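Asks: Using the hints provided, position chain B relative to the given structure of chain A.
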Amino acid sequence: MKLRRSMLFVPGDNAAALSTAFIYKPDSVMFDLEDAVSTREKDSARLLVFQALRHPAYKEIETVVRVNALNTEFGLKDLEAAVRGGADIVRLPKTENAEAIHELEAHVLRIEKACERPVGDTKQVFSGFSCSSGSLRSVHLQLQNQNPKSLRMLGER
Amino acid sequence: MIQSEVIKQFGKQINRVVNETLDKLAVSEGSIVIEDKGALDCVIKARVEAAVLRGSGTEELDWEKLS
Chain A
3 MKLRRSMLFV PGDNAAALST AFIYKPDSVM FDLEDAVSTR EKDSARLLVF
53 QALRHPAYKE IETVVRVNAL NTEFGLKDLE AAVRGGADIV RLPKTENAEA
103 IHELEAHVLR IEKACERPVG DTKQVFSGFS CSSGSLRSVH LQLQNQNPKS
153 LRMLGER
Chain B
169 MIQSEVIKQF GKQINRVVNE TLDKLAVSEG SIVIEDKGAL DCVIKARVEA
219 AVLRGSGTEE LDWEKLS
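Heads up: the sequence lines are chains A and B, in that order.
If you read the first sequence in the numbering used here, its first letter stands for residue 3, the second for the next number, and so on.
If you read the second sequence in the numbering used here, its first letter stands for residue 169, the second for the next number, and so on.
Everything labelled a hint here was simulated from the structure, so no lab data went into it.
Bear in mind that the values here come from a model prediction, so they are computed numbers and not experimental data.
Every residue gets a Cβ at the ideal spot worked out from N, C-alpha and C, and that includes glycine.
Careful, some of the hints might be misleading.
As the list claims (entries may be wrong) - Computed beta-carbon distance windows for the label pairs:
id : chain 1 : residue 1 : chain 2 : residue 2 : range
1  : A       : Leu5      : B       : Ser224    : 43 to 51 Å
2  : A       : Asn99     : B       : Gln171    : 47 to 55 Å
3  : A       : Lys27     : B       : Val174    : 37 to 45 Å
4  : A       : Ala71     : B       : Lys233    : 21 to 29 Å
So here's chain A without its partners, still in its complex pose (with noise of 0.2 Å):
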């Protein structure tokens, strides 16, 4: 089984950050295109997450883009960055209904095609805990209980 005690978090939009983060060899990290990223950086910062993800220094660690929801202007331009850019898990925040999970599952597909990625190369995960039936391709349910510092993944399936 993967492991992942330690997930390290990167804002998108911080290019010395984005260049560094691998030497610490996290279990997991996490590229943000959403909070971290003001608004203005939004195209600048799903540039350097794509071209990073292509970088053979992450190839080694599991890389994570935390994306914007598909409702706003960014969220499929982020979608289509992270998984042409090869991330191994594509995050969705704000996951409220079931809908979302298939829209993200269906645009995940969609993408994976046109870029001659191996269909269910990308998995997907979510925040939110009442869509766990949701997709097939999902492999974690992020728990969020009641203190926010305390999160939890759930195992593979």
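Replies: Showing chain B alone in chain A's frame:
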């Protein structure tokens, strides 16, 4: 125009990365000013791409060309 703290060691490489990136985006002319502090190639690529896309007001990206 490229200014870099590491121009002596990496000037050629930076130049090559910038030119390759511009070629892929089919940019042949323009005033491009790069101020580098020793970034990785992937960062230089991303920055050049972002500058070109902003400069040209491109909203929809052709991802095949960004590599």
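Asks: Just pull the numbers of the violated hints for me, sorted ascending.
Replies: Going through the list in order, the structure violates hint 3 alone and respects the others.
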